[in-house]
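S.K.: Residue numbers (the working numbering), protein chains in the order written: chain E, 1 to 82; chain F, 83 to 487.
I should point out that these hints are in silico values taken from the structure, not numbers from a laboratory. Please note: incorrect hints may appear among the correct ones.
Said to hold, decoys possible - Subject to a maximum C-alpha distance of 27 Å in a straight line, what follows is the list of computed DSSO-like cross-link-like pairs (lysine-lysine):
hint	chain 1	residue 1	chain 2	residue 2
1	F	Lys105	F	Lys464
2	E	Lys34	F	Lys140
3	F	Lys485	F	Lys464
4	E	Lys34	F	Lys141
5	E	Lys58	F	Lys205
6	F	Lys486	F	Lys463
7	F	Lys453	F	Lys464
8	F	Lys259	F	Lys167
9	E	Lys11	F	Lys205
10	F	Lys276	F	Lys205
11	F	Lys112	F	Lys464
12	E	Lys80	F	Lys204
13	F	Lys112	F	Lys485
14	F	Lys204	E	Lys11
15	F	Lys259	F	Lys366
16	E	Lys80	F	Lys205
17	F	Lys486	F	Lys464
18	F	Lys105	F	Lys170
19	E	Lys11	F	Lys141
20	F	Lys170	F	Lys486
21	F	Lys486	F	Lys369
22	F	Lys328	F	Lys170
23	F	Lys84	F	Lys369
24	E	Lys11	E	Lys58
25	E	Lys58	E	Lys5
26	F	Lys140	E	Lys11
27	F	Lys485	F	Lys463
28	E	Lys58	F	Lys204
29	F	Lys259	F	Lys485
As the list claims (entries may be wrong) - Which residues of chain E face chain F? A partial, calculated answer using Cβ under 7 Å:
hint	residue
30	Glu21
31	Leu42
32	Val45
33	Val48
34	Glu52
From the three backbone atoms N, C-alpha and C, an ideal C-beta is built for every residue, glycine too.
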Amino acid sequence: MMMTKEVIIQKIDDFLIDEFEVEEEEIAADANLKDTLGLDSLDFVDLVVAVESNFGVKLVGEDFINVTTLQNFYDLIERKLH
Amino acid sequence: MKRVVITGMGIYSCIGKNLDEVKTSLYEGKSGIVSDQERLDFGYRSGLTGMVEEPNLKKLLSRRQRLSLGEEGQYAYMATIEALKNAKIEDSFFDENEVGVIYGNDSTARSVVESTDILREKKDTTLVGSGAIFKAMNSTITMNLSTIFRLRGVNFTISAACASGSHSIGMGYHLIKSGLQDCIITGGAQEINKLAMGSFDGLGVFATTDGDPAKASRPFDQARNGLVPSGGGATLILESYESAVKRGAPILGEIIGYGFSSNGGHISTPNVDGPSRAMHNALKDAKLDASAIDYVNAHATSTPVGDVNEAKAIYEVFGEHNPPVSSTKSMTGHECWMAGASEVIYGMIMMQNSFVAPNINLENIDEDAAKLNIVKETLNKKIDVFLSNSFGFGGTNSALILKKC
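Based on the provided sequences and hints, a complete structural model is requested.
M.R.: Structural data, given as structure tokens:
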């Protein structure tokens with residue numbers, strides 16, 4: 001069954017809060033992954049791990065080229081899944 | 083040359099998770115050894131081990147810091163925060179002074195195996211995660227402690243088998259003595275998981291018993307049949323005497339001698355000459371006669387050959403002076419990379435509290451050890467100077483001499 005956009009967003013938000021310890025109130029579609037959520041270059045490696053274990057999709061570095069905000073990230077995963 | 087003092091100590095071990103708990107265990111002759119069924123199921127000959135709980139660091143360290151810290155690093159961190167508190171060193175001290183770190187460590191087995199298992203399964207290096215490399219390098223402890231505490235002084239790891247912790251103190255001592263550094267975090271840590279000890283167990287050198295695990299580690303006893311692996315973390319803050327006095331730090335003791343040697347022989351079987359030379363070198367460095375030593379903390383691991391050869395070496399060095407000797411490994415098991423640092427702390431606790439901890443499980447003494455004054459039961463005794471031995475595979479030997487201030 002195809003995963004809905006809402007489920008994708010919920011799963012991403014959940015692992016950002018639980019595994020990456022991002023403050024829940026910082027989660028917003030327009031939040032900048034680096035400047036607002038505080039993710040650094042090493043965290044992007046762990047995002048690849050989290051996406052693989054949560055969605056069964058393997059990302060590569062190039063996938064992140066145009067990913068600046070959380071909305072960009074949601075969209076990236078949706079594109080990969082659909 | 084500068085005088086080198088100890089201003090802080092911290093310990094996280096199978097006989098206690100802080101200095102107070104360890105003091106009580108040492109005085110009461112309490113063993114930290116258990117039998118672990120998981121090891122036997124995994125294929126070990128012996129399930130015996132010192133057991134240390136992994137600390138929950140969630141409230142103490144950030145996610146990024148925790149991701150880079152393997153088991154041995156966690157123990158080292160716990161020991162280090164106790165040692166820094168004990169030394170009255172706060173974060174601002176690291177900004178204002180060039181504090182270094184030299185720590186003993188010689189494996190990161192679990193971190194390596196776990197990330198390799200992921201790689202085998204997933205066939206994708208990225209999926210091992212960002213922390214894997216920092217946990218798997220042998221310098222994991224010094225790289226993590228220096229980052230966590232923002233250290234700006236000397237920064238490297240000593241890998242010298244079961245003498246790693248002792249050599250780290252010896253190296254720190256020399257850098258401070260020569261004036262190159264004023265304050266260095268030293269110590270040793272050891273992982274105890276089943277992935278770390280399998281190849282060691284495979285040599286058939288671990289103790290086995292059908293009975294009480296607490297009686298398995300029995301250095302110098304005729305019935306000893308091997309060592310019991312153990313681990314944890316032990317940290318000592320070394321400082322120049324001037325620096326300690328200037329900031330009003332507690333001065334717990336002084337390092338006055340460090341002797342080292344290599345056996346030049348077999349990779350795993352120790353000899354008499356190497357350890358003997360290390361002890362002589364430490365006495366020479368301390369400018370002391372053997373008669374000045376009030377207590378010897380023996381390396382003795384409870385192996386048939388190792389204990390006999392150390393007994394002969396101690397007898398060769400001390401002869402008629404015959405100071406009290408005990409192996410605290412009778413209680414802790416062999417803390418391996420950590421042992422050389424933890425045993426200096428055990429000796430320091432004894433010196434501070436005027437007692438010699440017992441060499442427990444000594445029922446029928448080995449013929450060569452019978453020439454020594456081995457302490458079977460807790461001895462209330464003033465100690466002004468003690469010597470601590472540490473030896474390791476490859477024939478590396480270290481002897482440290484500590485003095486009350």
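S.K.: So, for every hint listed, does it hold in this structure?
M.R.: Okay, the hints, checked on the actual structure:
Distance check on the hinted pair: F:Lys105 and F:Lys464 sit about 15 Å apart at the alpha-carbon level, within 27 Å; holds. Between E:Lys34 and F:Lys140 the alpha-carbon distance is near 22 Å, which keeps this suggested pair within the 27 Å criterion. With a C-alpha separation of about 12 Å, the suggested pairing of F:Lys485 with F:Lys464 holds against the 27 Å cut-off. Distance hint between E:Lys34 and F:Lys141 is fulfilled; the C-alpha atoms sit about 23 Å from each other, no more than 27 Å.
Of the pairs offered as hints, the one joining E:Lys58 and F:Lys205 holds, with about 11 Å between alpha carbons and a cut-off of 27 Å not exceeded. Under the criterion of a C-alpha separation no larger than 27 Å, the hint pairing F:Lys486 with F:Lys463 is consistent with the structure, at around 14 Å. Simply put, F:Lys453 and F:Lys464 have alpha-carbon atoms about 22 Å apart, close enough for the 27 Å limit, and the pair holds. Taking the CA atoms of F:Lys259 and F:Lys167, the gap is about 24 Å. The hint holds against a cut of 27 Å.
The straight-line distance between the Cα atoms of E:Lys11 and F:Lys205 is roughly 24 Å, inside the 27 Å bound, and the hint therefore holds. About 25 Å separates the Cα atoms of F:Lys276 and F:Lys205, which keeps this hinted pair within 27 Å; it holds. A threshold of 27 Å between alpha carbons decides the hint, and for F:Lys112 with F:Lys464 the separation of about 21 Å falls inside it, so the pair holds. A hinted pair counts as satisfied when its Cα atoms are at most 27 Å apart, and E:Lys80 with F:Lys204 qualifies at roughly 19 Å.
Our distance criterion of 27 Å between C-alpha atoms is met by F:Lys112 and F:Lys485, whose separation comes to about 26 Å. As the CA atoms of F:Lys204 and E:Lys11 are separated by approximately 22 Å, the hinted pair is consistent with the 27 Å bound. Taken as a hint, the F:Lys259 and F:Lys366 pair is honoured in the structure, with Cα atoms around 16 Å apart against an allowance of 27 Å. A distance of roughly 20 Å separates the Cα atoms of E:Lys80 and F:Lys205; the hinted pair therefore holds under the 27 Å criterion.
Restraint check: the Cα-Cα separation between F:Lys486 and F:Lys464 comes to about 10 Å, which is no more than 27 Å; the hinted pair holds. For the suggested pair F:Lys105 and F:Lys170, the alpha carbons sit about 20 Å apart, so the restraint of at most 27 Å is met. The straight-line distance between the Cα atoms of E:Lys11 and F:Lys141 is roughly 25 Å, inside the 27 Å bound, and the hint therefore holds. A threshold of 27 Å between alpha carbons decides the hint, and for F:Lys170 with F:Lys486 the separation of about 19 Å falls inside it, so the pair holds.
For the proposed pair F:Lys486 and F:Lys369, the alpha carbon gap of about 16 Å is at most 27 Å, so the pair holds. In summary, the hint linking F:Lys328 to F:Lys170 is supported, as the alpha carbons are separated by about 13 Å, within the 27 Å threshold. A distance of roughly 15 Å separates the Cα atoms of F:Lys84 and F:Lys369; the hinted pair therefore holds under the 27 Å criterion. About 16 Å separates the Cα atoms of E:Lys11 and E:Lys58, which keeps this hinted pair within 27 Å; it holds.
Using a Cα cut-off of 27 Å, the hinted pair E:Lys58 and E:Lys5 holds, with the two alpha carbons roughly 18 Å apart. The straight-line distance between the Cα atoms of F:Lys140 and E:Lys11 is roughly 22 Å, inside the 27 Å bound, and the hint therefore holds. Taken as a hint, the F:Lys485 and F:Lys463 pair is honoured in the structure, with Cα atoms around 15 Å apart against an allowance of 27 Å. Between E:Lys58 and F:Lys204 the alpha-carbon distance is near 10 Å, which keeps this suggested pair within the 27 Å criterion.
For the given pair, F:Lys259 sits about 15 Å from F:Lys485 by alpha-carbon distance, which is consistent with the 27 Å threshold. Restraint check, E:Glu21 versus chain F: the minimum CB separation of about 5 Å is within 7 Å; hint holds. Nearest Cβ of chain F to the Cβ of E:Leu42: about 4 Å, under the 7 Å cut. The hint holds. Satisfaction of the interface hint for E:Val45 is found here, the shortest Cβ-Cβ separation to chain F being roughly 4 Å, below the 7 Å cut-off.
Look at E:Val48: its Cβ gets to within about 5 Å of chain F, closer than 7 Å, so that hint holds up. Hint on E:Glu52 holds. Least Cβ distance to chain F is approximately 6 Å, under the 7 Å limit.
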